[in-house]
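*Asks:* Spelled out, the chains give:
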Amino acid sequence: MQDNIEGEIKSLIAEILEKDPNGIGPDSRFVEDLGMDSLKALEILVAVEKKYKITIPEKRLPEMNTLSATVAIAKEFFTTKTE
Amino acid sequence: MPRIVITGVGVISPNGGIGKDSFSNAIFGGISGIKQISLFDTSDFKTKTAAQIDNFMPENIIGKDGLRVLDRSTKLLCSSAKMALDDAGFAVTEGNCRDVGLAVGNTFGSLQSISDFDKVAIKEGPKYINPSLFPNTVINAGASQTAIRLNIKGFNVTISTGFSASLDAVIYAADSIKLGRKNMVLAGGVEELSVQEFIGFYRAGCLAGLEDGSSELSCPFDRRRNGIILGEGSAIFVLEKLESALGRGAHIYAEIKSYGSYFGAKDAMSQAMAKVSLGTEKIDYICCAANSTKELDRQETSAIKEALAAKADSAKIGSIKSMIGECFSASGALQLAAGVCAIEKQMAAPNLNYEEPDPDCGLSYTPGKAVSSEIENVLINAFSIGGSNSSLMISKFAG
Numbered sequence: 001m002q003d004n005i006e007g008e009i010k011s012l013i014a015e016i017l018e019k020d021p022n023g024i025g026p027d028s029r030f031v032e033d034l035g036m037d038s039l040k041a042l043e044i045l046v047a048v049e050k051k052y053k054i055t056i057p058e059k060r061l062p063e064m065n066t067l068s069a070t071v072a073i074a075k076e077f078f079t080t081k082t083e
Numbered sequence: 001m002p003r004i005v006i007t008g009v010g011v012i013s014p015n016g017g018i019g020k021d022s023f024s025n026a027i028f029g030g031i032s033g034i035k036q037i038s039l040f041d042t043s044d045f046k047t048k049t050a051a052q053i054d055n056f057m058p059e060n061i062i063g064k065d066g067l068r069v070l071d072r073s074t075k076l077l078c079s080s081a082k083m084a085l086d087d088a089g090f091a092v093t094e095g096n097c098r099d100v101g102l103a104v105g106n107t108f109g110s111l112q113s114i115s116d117f118d119k120v121a122i123k124e125g126p127k128y129i130n131p132s133l134f135p136n137t138v139i140n141a142g143a144s145q146t147a148i149r150l151n152i153k154g155f156n157v158t159i160s161t162g163f164s165a166s167l168d169a170v171i172y173a174a175d176s177i178k179l180g181r182k183n184m185v186l187a188g189g190v191e192e193l194s195v196q197e198f199i200g201f202y203r204a205g206c207l208a209g210l211e212d213g214s215s216e217l218s219c220p221f222d223r224r225r226n227g228i229i230l231g232e233g234s235a236i237f238v239l240e241k242l243e244s245a246l247g248r249g250a251h252i253y254a255e256i257k258s259y260g261s262y263f264g265a266k267d268a269m270s271q272a273m274a275k276v277s278l279g280t281e282k283i284d285y286i287c288c289a290a291n292s293t294k295e296l297d298r299q300e301t302s303a304i305k306e307a308l309a310a311k312a313d314s315a316k317i318g319s320i321k322s323m324i325g326e327c328f329s330a331s332g333a334l335q336l337a338a339g340v341c342a343i344e345k346q347m348a349a350p351n352l353n354y355e356e357p358d359p360d361c362g363l364s365y366t367p368g369k370a371v372s373s374e375i376e377n378v379l380i381n382a383f384s385i386g387g388s389n390s391s392l393m394i395s396k397f398a399g
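Protein chains in written order, with this note's numbering: chain A, 1 to 83; chain B, 1 to 399.
Hint data in this document are derived by calculation from the structure and do not stem from the laboratory.
Treat the hints with caution; some may be incorrect.
Claimed, not checked - Computed list of lysine-lysine pairs in DSS-like fashion (alpha-carbon distance at most 30 Å, straight line): (1) B/Lys127 to A/Lys75; (2) B/Lys82 to A/Lys75; (3) A/Lys53 to B/Lys119; (4) B/Lys82 to B/Lys178; (5) B/Lys127 to A/Lys50; (6) B/Lys127 to A/Lys51; (7) B/Lys119 to A/Lys19.
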């Protein structure tokens, strides 16, 4: 399950940032290493929310700057899923 | 007053024209791009054809990075603009990017994007809107993305005047060069085929083949004409001040002589010809706006007769919409591309499907295949029955 979530979120990020998933490590920096801009950051947020039917406060967006951080934040909100 | 010339052409047309040369071959080869629509499901509709662009691979023209969030209009426009710059042999650099402007004609470009945006909001909720797709919902998305991608940092203008939009964009560009704002402007237009556009024209009763017994055919000036066949495409031109073009040794396709925009089609044509010392004597080819509708084809015929008087009979007259359908905002630019190619090839493009003459359209139209002829002056008409009428005259560059 844990591997699935990290794999799923990695696929979302790879699609949005137009990168090879194999080039995205747990600590690859979205901005500095993968070229993410502010619009794509929001797109990642919305994509994760939509995928898992969760709501992540936008103030947490700056923390979602690596794969591992994004996975951790997403899991925080798994227990408070929206319908 | 500065002289303005065309030094680059980028064009994507639904009859197989990717680039100027293949467009020219398709247009003068009488190739029709009208076919069964595959971009969306037409099973609920009586009419099923359009001039749809097939096998469009923008990644081969502008690279694949960033294409994911661009809509169809933007990809078409970026691609034709890139081809125009390449054709002109002009490289945009940090040193010259502020000296190049961009003027684009477009009307329906964001219609599908707005519709898709709203569908998500309604079906899934506003919180699931994809923010990366939001920029596509504005009408200047295409021009903006093109400027970003090609690093064009002069002015950036989108003109949305319907049928005449792309010709109006070329006119805007020419005026801006005359006023000394820029020495080079990329100008033209784009229009994409979308299910929303199709449904709108279908329900408004504008499409050919809706009435029982009528033909689903694009046959400008023909007695059987009964409506439009929709098309899509893009054409962008590099317009330059003559001195600038000569200074860099650019190939010159044609010179923009004059133009007019009026509520009345005849007035637009008259203004396009009045600024030149030709009078009505040497209009060699008229690339018409006629789109296989009763009213517009008759209106244009009447305007040509009034504006050219007896000289109308000696001009080659035809509509390429018989091959590429009604591309709405992009039509004027695609017709201008045909005019440029006509000067280059010394041929008038065919007017397909003209088999049953209509007394209301009693001019001598080009036949179903291209005609070799001395082509020095070409008049391009972008007309609508709504009153947005523009005409533009180009001439073979004589030095």
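*Asks:* Now tell me, hint by hint, if it's right for this structure.
*Replies:* Against the structure, the hints come out as follows:
1. The suggested pairing of B/Lys127 with A/Lys75 holds, with an alpha-carbon distance near 19 Å, which does not exceed 30 Å.
2. Pair hint B/Lys82 plus A/Lys75 does not hold up; C-alpha atoms about 45 Å apart against a cutoff of 30 Å.
3. For the hint pairing A/Lys53 with B/Lys119, the CA-to-CA distance comes to about 18 Å; that is within 30 Å, so the pair holds.
4. Of the supplied pair hints, the one linking B/Lys82 and B/Lys178 holds, its CA atoms being roughly 24 Å apart against a limit of 30 Å.
5. Taking the CA atoms of B/Lys127 and A/Lys50, the gap is about 9 Å. The hint holds against a cut of 30 Å.
6. Taken as a hint, the B/Lys127 and A/Lys51 pair is honoured in the structure, with Cα atoms around 12 Å apart against an allowance of 30 Å.
7. Under the criterion of a C-alpha separation no larger than 30 Å, the hint pairing B/Lys119 with A/Lys19 is consistent with the structure, at around 28 Å.
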